[in-house]
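Starting from the structure of chain A, add chains B, C, D, E and F with the ligands where the hints point.
6 protein chains.
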Amino acid sequence: DFERAQKDVLPAFGASTEDMEMCARGGIVEYGEKLKQLQQSAASLISQLQQSERTPLLSILLEGPVGSGKTALAATLALRSGFPFVKLLAPTSLVGMGETQKAAVIARVFDDAYKSPLSLIVLDEVERLLEYVRIGPRFSNVVLQTLITCIKKVPKKSKLIVLATTSSLATLESLELLDAFNVTLHVPSLGTIEAIKVLKELGIGNISDIEPVLRTVTKGIPIKKLMLVIEMSLEKGAVLDPERFEKTLQETGLLD
Amino acid sequence: DFERAQKDVLPAFGASTEDMEMCARGGIVEYGEKLKQLQQSAASLISQLQQSERTPLLSILLEGPVGSGKTALAATLALRSGFPFVKLLAPTSLVGMGETQKAAVIARVFDDAYKSPLSLIVLDEVERLLEYVRIGPRFSNVVLQTLITCIKKVPKKSKLIVLATTSSLATLESLELLDAFNVTLHVPSLGTIEAIKVLKELGIGNISDIEPVLRTVTKGIPIKKLMLVIEMSLEKGAVLDPERFEKTLQETGLLD
Amino acid sequence: DFERAQKDVLPAFGASTEDMEMCARGGIVEYGEKLKQLQQSAASLISQLQQSERTPLLSILLEGPVGSGKTALAATLALRSGFPFVKLLAPTSLVGMGETQKAAVIARVFDDAYKSPLSLIVLDEVERLLEYVRIGPRFSNVVLQTLITCIKKVPKKSKLIVLATTSSLATLESLELLDAFNVTLHVPSLGTIEAIKVLKELGIGNISDIEPVLRTVTKGIPIKKLMLVIEMSLEKGAVLDPERFEKTLQETGLLD
Amino acid sequence: DFERAQKDVLPAFGASTEDMEMCARGGIVEYGEKLKQLQQSAASLISQLQQSERTPLLSILLEGPVGSGKTALAATLALRSGFPFVKLLAPTSLVGMGETQKAAVIARVFDDAYKSPLSLIVLDEVERLLEYVRIGPRFSNVVLQTLITCIKKVPKKSKLIVLATTSSLATLESLELLDAFNVTLHVPSLGTIEAIKVLKELGIGNISDIEPVLRTVTKGIPIKKLMLVIEMSLEKGAVLDPERFEKTLQETGLLD
Amino acid sequence: DFERAQKDVLPAFGASTEDMEMCARGGIVEYGEKLKQLQQSAASLISQLQQSERTPLLSILLEGPVGSGKTALAATLALRSGFPFVKLLAPTSLVGMGETQKAAVIARVFDDAYKSPLSLIVLDEVERLLEYVRIGPRFSNVVLQTLITCIKKVPKKSKLIVLATTSSLATLESLELLDAFNVTLHVPSLGTIEAIKVLKELGIGNISDIEPVLRTVTKGIPIKKLMLVIEMSLEKGAVLDPERFEKTLQETGLLD
Amino acid sequence: DFERAQKDVLPAFGASTEDMEMCARGGIVEYGEKLKQLQQSAASLISQLQQSERTPLLSILLEGPVGSGKTALAATLALRSGFPFVKLLAPTSLVGMGETQKAAVIARVFDDAYKSPLSLIVLDEVERLLEYVRIGPRFSNVVLQTLITCIKKVPKKSKLIVLATTSSLATLESLELLDAFNVTLHVPSLGTIEAIKVLKELGIGNISDIEPVLRTVTKGIPIKKLMLVIEMSLEKGAVLDPERFEKTLQETGLLD
Ligand SMILES: Nc1ncnc2c1ncn2[C@@H]1O[C@H](COP(=O)(O)OP(=O)(O)OP(=O)(O)O)[C@@H](O)[C@H]1O
Ligand SMILES: Nc1ncnc2c1ncn2[C@@H]1O[C@H](COP(=O)(O)OP(=O)(O)OP(=O)(O)O)[C@@H](O)[C@H]1O
Ligand SMILES: Nc1ncnc2c1ncn2[C@@H]1O[C@H](COP(=O)(O)OP(=O)(O)OP(=O)(O)O)[C@@H](O)[C@H]1O
Ligand SMILES: Nc1ncnc2c1ncn2[C@@H]1O[C@H](COP(=O)(O)OP(=O)(O)OP(=O)(O)O)[C@@H](O)[C@H]1O
Ligand SMILES: Nc1ncnc2c1ncn2[C@@H]1O[C@H](COP(=O)(O)OP(=O)(O)OP(=O)(O)O)[C@@H](O)[C@H]1O
Ligand SMILES: Nc1ncnc2c1ncn2[C@@H]1O[C@H](COP(=O)(O)OP(=O)(O)OP(=O)(O)O)[C@@H](O)[C@H]1O
Ligand SMILES: [Mg+2]
Ligand SMILES: [Mg+2]
Ligand SMILES: [Mg+2]
Ligand SMILES: [Mg+2]
Ligand SMILES: [Mg+2]
Ligand SMILES: [Mg+2]
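Chains as they are written, first to last, in our numbering: chain A, 52 to 307; chain B, 52 to 307; chain C, 52 to 307; chain D, 52 to 307; chain E, 52 to 307; chain F, 52 to 307.
A few of these clues could be false.
A pair counts as met if it fits within one copy or between any two copies, since identical chains are not told apart.
Derived BS3-like pairs (lysine-lysine); straight-line CA-CA distance at most 27 Å [claimed, not checked]:
#, residue 1, residue 2
1, K210, K166
2, K270, K251
3, K85, K248
Derived from the structure by calculation, the hints contain no laboratory data.
Remember, predicted model here, so these are calculated numbers, not experimental data.
Here chain A stands alone, though its shape is the one from the complex:
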């Protein structure tokens, strides 16, 4: 009956949005054109699925280097979608479970989703959901098979968006999990100019003191590391200590 069905769906709401808000709470700082394009692609796919008459399922993979902001972006997209059912499945939510239990929880979340006319499931750090380790390699085949099956399973009477994140596209490919996704969007790390843009957006007072060091960074700068380096050299009045900024860049591995 309708009332029991409602209850089946409800408990999922609370938990998921609270965790998603944690993931999104750092905010999305605008750093340039690439970010805009990415946000627009995702938004267009989501709205197109909503309007489609024939396609009930869309699976999107956000892939990019460690710390490039995938989780924050996925959480923000989910929260802004306005879908009646949104749910986050992250390694943290499954900590301490055996592989069979993890697989069961995942299958359960998808079953819950099918009960809502419009659902969005975030699968955060897919490779870690299945306990993948490069050496071996090792992973939970039970979770992997469940994920492939759930991501490909066409809902009978409802619409579903799967929004997954990974920092290892190669792993997903070798696991033949990549084939299960309809589309793949790249989340990049930042160049020097984009990093300076971030400093401006954050209202840092002495950007000119920092710029010379930043210019010596030759690798891509993940937004998450950038935020930490800023924090670790922040002084009163939104000013950064240039020496500590440089040192932390080294300690985080961005400068050799």
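Relative to the frame of chain A, chains B, C, D, E and F with the ligands by itself:
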């Protein structure tokens, strides 16, 4: 007794045809000669078995790239066969089961089939039925041994067609599962001309806007991806947004 | 006491001969000298053991390509031996059992055999009895060890012939199971001339229509595939449809 | 309620500080500039986190050769931090537990930490917490997944510092555990001059007798081995027996 | 008490000698100098141990190609030793047991042996006692560790000879089991001249008919295969059918 | 209380010394300078630890070829130490236990040791305590982790010497177990001159008869093998049979 035997057979009917109809519901769009040949080969084999006096078993493997339409074709062939017993065994039907249980279900379905004079079993995504993963490689040997044995086992008093699909012929060969099949039929992805044929069949209004982009695709186009790209760029009046068409081609990996 | 001993032996009879008759029911079509030699060698070994005063055990391995007729030959030899105890152990008889249970059943069959003065055990598809898969490789060491021990174990008061089949001599060698057999006999696939001999034996009406295609086959033709290709192109009046014959040759992998 | 919460936190205190004091009891002998820099970096990061408004989590990895003093340094930093919650997780604390139990204890310690506004957890010999062995390689994936998840999990209402030690950076990288740490600090072994500095600091009476041998050492000298070699050649009056000093240098593998 | 101790020892007697007699019942045909040397070496070692005052343990490994007569020799030596405790441990005696149970039985037999002042244990086909298979490779480490420990364990108050056989010295070396044996004796296969000597010893009537074929054999001839080939071509009056002799040489793999 | 503590310690005494005396009962024959140096090094380390105020733990590894006398030396050192707690942990003491049980026993012995002010634990054949086999390689990681942790764990209120033996330094290194030891001492096999010294020490009457053969040995001679070869060729009146001496040298693998 007869009545109990009937009951043993009956429950299988309902479930299987409902799932098969889900697999076949997208329809088979005609895209050219290759498709016709394929359909004809399958039909001829099925009817020849029906008439044979000496051969009670035929196992057919449909193999082709991811998304080339194997599942839809197998489901359609099964539904059109008019056999009194048709049954779909797909990864989705076995989700959440351990390998021993999966093997038992498979063996059970074959046992049910032997009770009907004329049966057709679809084994969808064979490599995933046995939880195969390239890295390792890993798979369920219990399920594999059960599949080989069931596919090769000659029914004593009835006739049986096994119709399996795979997107990895090499895997089945390395598992020595390929030897268990009597015949193998290839399901191709589409060339540009066939893709345009599909747009025509679907009544797309502005094919000439889309053609130039389609011509830049150098890979084979799986029908399943083509249908999604169309959906994701579809606008009112069966017109496609060329820009979004191109972008989704990229996001689905068909354009670099 | 004698009566219980009788019962222990009896149940094995029924089952085994029924299954063996299934394996042999397709018949042995005479195709030439090689087949005759093979049959004669086997018969001579069997009769020599029967007469020997000092040798109570003989283990014969029939090896040859997939579909070359090993199972049919072994079953026929067993049925013709006239031994009071004949028994077939095939993958089908063990389906659904765990490896320990399989090992137990095998050991049990040998124990039963020792109770009869003259016994013949057929071990069909030895590599699959032990669940061998090339990739890994994987196999049941429990079953393997049981097989080696049983095949080498000299009966104390009775005589025993073990007749095994395999389509992978290399596998048995790498498993050091080959050493357990006293003699090895090769079961070949057919050349074109032998294939035509088969068509004649079967009374096919239009052999001359088929001959040109058969001559283009460069691989060895397993008798089992040949029988299927014939069945799939058979028309009323023992005539073959040449076009369908060619096509099925392709679909079975005999023609490229 | 508050009282129960207090009790949940309290038992952890006692145990942890006692063990930490064991690890730190040998003291930190000053041997030069590198050590000072290292101590300063760690202190700066700890105090910056304490003051930060936006960053609630910081994970620091101390890596360096076997015996270079990592554990003593981590324990000293923890004890000096003055944080209300400090806790040591070392292989010794987990001896005799199965991998699931180890993972549970680790998760539990982190949960305890979240209850205190300011916490510091020392993870000593990370590669051994997860039972890593180079050959195989083998390790507990359950513990590994728990560690990655716990080290990356952002506390909701509190601040946490994770201070880990390892003597195999390469292992942590291959396990993709390195990515989980925000910053990495190197703990070096000593050169000859630094080793002599240590002898001075310890008030050894006959340094000039020892110096010639020490100068023949070409490898880096881990402080832990140096302390042992001194102990094993120590005579009354803080004098070292040069012959025994040289011999023990050989027996510890520092001299060839 | 003495009576219970007696019982503990007794049951082992019966079983072991009956099985040993089965192994030795084919007899030892004299084929030349090599065999004599071998028998003499073994006898000398056994008697030396009996007389020694300081050495309570001696472990002898008989190694040689498949079928070279190792088991028959070991059984004969054991039966002739006249030791109050002799016991055979062969794969057949352990069939159907799990690896832990096998290890327990082995340890038990050694414990029984320590209760007798003078014991001899035959370990037949050592590599198969531990379920060794070359591919993998696989083996039971539980059994292996038990074997190494038992073979090296010095009895406190009694004397013990361990007489083991293997057809794969390389395997025992790679398992570091070879180091556990004090001495190793080689059991060879036969050359043509030795084979003819065997025919003479057996009183074959038409040796001159057989000689030409025997001379074409270039491999070493294991005595066990030779005995079978003779049996399979034996006719009334101790005469061999030369044609069948040659054919069986081929079927047993001695002639190509 | 004191009495219970006493009991906890006591039972360990009996067992351990009895087993140690078995290991040492063959005696230590003086064969030259190398042996003296080795004994002196070990004695010096043991006495230095006894006197040290700051170092409560010392772990010594005796490594050398198979049969070089490691166990006898370790047992002798332990018995001569006069420590109130001495204990032998050897593969024989752990036979028949599962790996978890072995780990528990080891941990227990160390816990017992901490209760005595001065303890010495012999870990005999370390690689076999952890069931190491080169092929695979296989070993018990549970035992390995327990060993590393126990060997490195600093006692809180007592002093402990760990004296381990191994015949495979490379294995311990690859298991990263070598790092857990503070010092490593080499136990050599003998050269010809040292072997003759042994014959003299044992009062062999006809050394000149034996010398020529001994001089042809080019490998190092492990004392354990030398003792056996002597025993196997010993005749009344402490005279050796030169022929049998040579033969046994071959059969033990010392002469090719
Ligand atoms: N433009 C942005 N895009 C994404 N994150 C941003 C952006 N600007 C600021 N942030 C902040 O940067 C951090 C990105 O961290 P996040 O955990 O999302 O990265 P991630 O790629 O998921 O990392 P990981 O690979 O470790 O999972 C968040 O705290 C987020 O609030
Ligand atoms: N000619 C056609 N052949 C097959 N499918 C077609 C055809 N025309 C349209 N379709 C539609 O294309 C889709 C093909 O998807 P289907 O799942 O059958 O592909 P698949 O090869 O099984 O994919 P996968 O490799 O992922 O299992 C279906 O929705 C089907 O309705
Ligand atoms: N001369 C023949 N020898 C063997 N089989 C023959 C012969 N003539 C006809 N047949 C038929 O050919 C078929 C051979 O199939 P069979 O299962 O015995 O082959 P197989 O080698 O055991 O195959 P597989 O390798 O798949 O186990 C049987 O149906 C048999 O009746
Ligand atoms: N400057 C120093 N830094 C660190 N340890 C020092 C220093 N001076 C003296 N020590 C002493 O040296 C020893 C260092 O041992 P510690 O166990 O910390 O090394 P480690 O690197 O953790 O070793 P391992 O790699 O075996 O875990 C301690 O006893 C410590 O008291
Ligand atoms: N001189 C001989 N030495 C050994 N066996 C002999 C000799 N003469 C005759 N025989 C007979 O040859 C056979 C040798 O077989 P046995 O089982 O002992 O060989 P094996 O080397 O143990 O074989 P496997 O390698 O298969 O274990 C026995 O039947 C034995 O009676
Ligand atoms: N100088 C010596 N050093 C050691 N052992 C000696 C010496 N002289 C005589 N022996 C005797 O030699 C034998 C050495 O055997 P032991 O078991 O100690 O060797 P091991 O190196 O431990 O062998 P394994 O590598 O098999 O464990 C003992 O019986 C011992 O009594
Ligand atoms: Mg993330
Ligand atoms: Mg499909
Ligand atoms: Mg067959
Ligand atoms: Mg440390
Ligand atoms: Mg044998
Ligand atoms: Mg030893």
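Hint by hint, here is what the structure shows:
1. K210 with K166: within (10 Å within a copy, 39 Å between copies)
2. K270 with K251: within (20 Å within a copy, 44 Å between copies)
3. K85 with K248: Close inside one copy (13 Å), not across copies (35 Å); limit 27 Å.
Checked against the numbered hints listed earlier, the structure breaks none of them; every hint is satisfied.
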